[in-house]
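S.K.: Chains as they are written, first to last, in this note's numbering: chain Z, 1 to 299; chain G, 300 to 530.
Watch out, some of these pointers could steer you wrong.
[As the list claims (entries may be wrong)] Simulated pairs of lysine to aspartate or glutamate, EDC-like, Cα-Cα distance not exceeding 16 Å:
(1) Lys167/Z x Asp318/G
(2) Lys166/Z x Asp318/G
(3) Lys319/G x Glu165/Z
The set of hints was computed from the structure by calculation and includes no laboratory data.
Keep in mind it's a predicted model, so treat the numbers as computed, not measured.
Single-letter residue listing:
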Amino acid sequence: MKQMSMRIILVILAFCFFCSNGLAADKIIKMSTTTSTQASGLLDVLLPELEKDTGIRVKVIAKGTGAAIRDGMDGNVDVIFVHAKAREEKFVHEGFGTKRYAVMHNDFVILGPAKDSAGINGLTNAAEALKKIAGAKAAFVSRGDDSGTHTKEQALWEYTGLPLEKKMQTILKKGKKKEISFIHPPGLGQWYLSIGQGMGKALTFADEKQAYIMADRGTYIKYKFGRDVPIDLVVLCEGDPALANPYGVIPINPKKHPHVKYDLSKTFAQWLVSKRGQTVIANYRLLGKQLFYTDALAR
Amino acid sequence: MNLLIDSFISAISLVISMDKEMINIVTVSLKVSGYSTLFASLLGIPIGFLVAFESFPGKRFMITCLNTLLAVPTVVIGLFVYAFISRRGVLGFFDLLYTQKAIVIGQTLLILPVVAAFTIAAISRIDQRYRKTAMTLGANRLQTAFVIFREARYGVVAAVIAAYGRVISEVGISMMLGGNIRSFTRTMTTAMALEYDKGTFTLAVALGMVLLGLSFGMNLLFHLFQGRVRS
Chain Z
1 MKQMSMRIIL
11 VILAFCFFCS
21 NGLAADKIIK
31 MSTTTSTQAS
41 GLLDVLLPEL
51 EKDTGIRVKV
61 IAKGTGAAIR
71 DGMDGNVDVI
81 FVHAKAREEK
91 FVHEGFGTKR
101 YAVMHNDFVI
111 LGPAKDSAGI
121 NGLTNAAEAL
131 KKIAGAKAAF
141 VSRGDDSGTH
151 TKEQALWEYT
161 GLPLEKKMQT
171 ILKKGKKKEI
181 SFIHPPGLGQ
191 WYLSIGQGMG
201 KALTFADEKQ
211 AYIMADRGTY
221 IKYKFGRDVP
231 IDLVVLCEGD
241 PALANPYGVI
251 PINPKKHPHV
261 KYDLSKTFAQ
271 WLVSKRGQTV
281 IANYRLLGKQ
291 LFYTDALAR
Chain G
300 MNLLIDSFIS
310 AISLVISMDK
320 EMINIVTVSL
330 KVSGYSTLFA
340 SLLGIPIGFL
350 VAFESFPGKR
360 FMITCLNTLL
370 AVPTVVIGLF
380 VYAFISRRGV
390 LGFFDLLYTQ
400 KAIVIGQTLL
410 ILPVVAAFTI
420 AAISRIDQRY
430 RKTAMTLGAN
440 RLQTAFVIFR
450 EARYGVVAAV
460 IAAYGRVISE
470 VGISMMLGGN
480 IRSFTRTMTT
490 AMALEYDKGT
500 FTLAVALGMV
510 LLGLSFGMNL
520 LFHLFQGRVR
530 S
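Hey, can you work out the whole structure from these sequences and the hints?
M.R.: Shown next as structure tokens:
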């Protein structure tokens, strides 16, 4: 009887072993990315093409850029695909990633209610527009979630030259102190609404409150033209070079995290910046509008 | 493991230094859940009492309904209230959405059945002889009701505790109706959800500790109260 149960256990163990072996042989990598790449629908087109060409399948975990970078630092994923250039370069510089591949860019727009109480319609200078919004104390919704969009918005507030409030939060990481900054104009909780939520949620929030908001164009198009009940907000300020939004892909460094599948993630990154990958990105249309402009082939 | 220790140490220093932002978040949480517990009690206890005390057709059905409502997910209440107070909703012109009032409305609806159902249970458990004795001693209906209520207060307080525990720890309604606006409608639970999304766990862990501490303190308080009632 005892022998019998031993045998059964052995068989089960062997089975588990073969199964896990089978999984390992599959070309699957995990990728943390920003909500915008997934919400815009680009990945739904891109990833099947990737699998056709290279056989690599990508498990996507969509989060804010901050959380995605954190995932990369902790080695929870094999590759990250995010948009916060300065932070990405720092990420590579600190040895968490091997290299930043510039993949594509799109742009941000400043939206607001059609009646435009702050009078920013037609401005092409984003900092100027924000200054007017702050001057009018018109409701402004901020992502406030440490995402790429939030990073960009904070940078724009700094360009305005307005007196800003800055809060540093110290966190301990591996025994070392690390500071996270949060910059915002005065008026927090009154007209400056920092809601700490994703882009789509923030858009419906701003629409509900008839507030101003900075959003990436992809999500805006989706919420304006792709929904049964479209949002009422309109584009009031666009075209400022400061509103450009570059995306980069970074394979996680196997020296930091030996378990990552570096070969696959490198192939993935190289495919993205290859002619093939870039063509797929350039041809992607959301509701008839081009969303992403390729960065790798232009140079 | 490192992550946990790091977060824990930073969290303790946050709690000790009485971080301004943390205090603000805790205050908002206590305020909204305090109000919703108060309103739900003011409405729910009389409702529960009447249902338990009076007999009328459909009483059993009503109790079954209340018991079912105990398990309503917070997001369902959130959606329901959202549909009413949204700018495109019936009550849109009050501009209630994404305010503390909105959270209080949602949370009150959430725990009203809790208070009512637990009150019914508490009242029904009281021995029928109390009622009969009171009546034979010449008490009128109101006086009889008072006697029974006094006997059931232990259970009624338990109803309030359960209701309070449900609102202070819920996240769905606070997020959907409050909108997690920093230093306005950000509560402990929505702040924790956000810090998790951001990948910075310090504040989340600190708030988790405060939440546990508060619940413990509250229960201690109620416990003392109940103890006194009993003796």
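S.K.: Please go over all the hints and tell whether each is borne out by the structure.
M.R.: Evaluation of the provided hints:
{"no.": "1", "hint": "Lys167/Z x Asp318/G", "verdict": "holds (11 Å)"}
{"no.": "2", "hint": "Lys166/Z x Asp318/G", "verdict": "holds (15 Å)"}
{"no.": "3", "hint": "Lys319/G x Glu165/Z", "verdict": "holds (14 Å)"}
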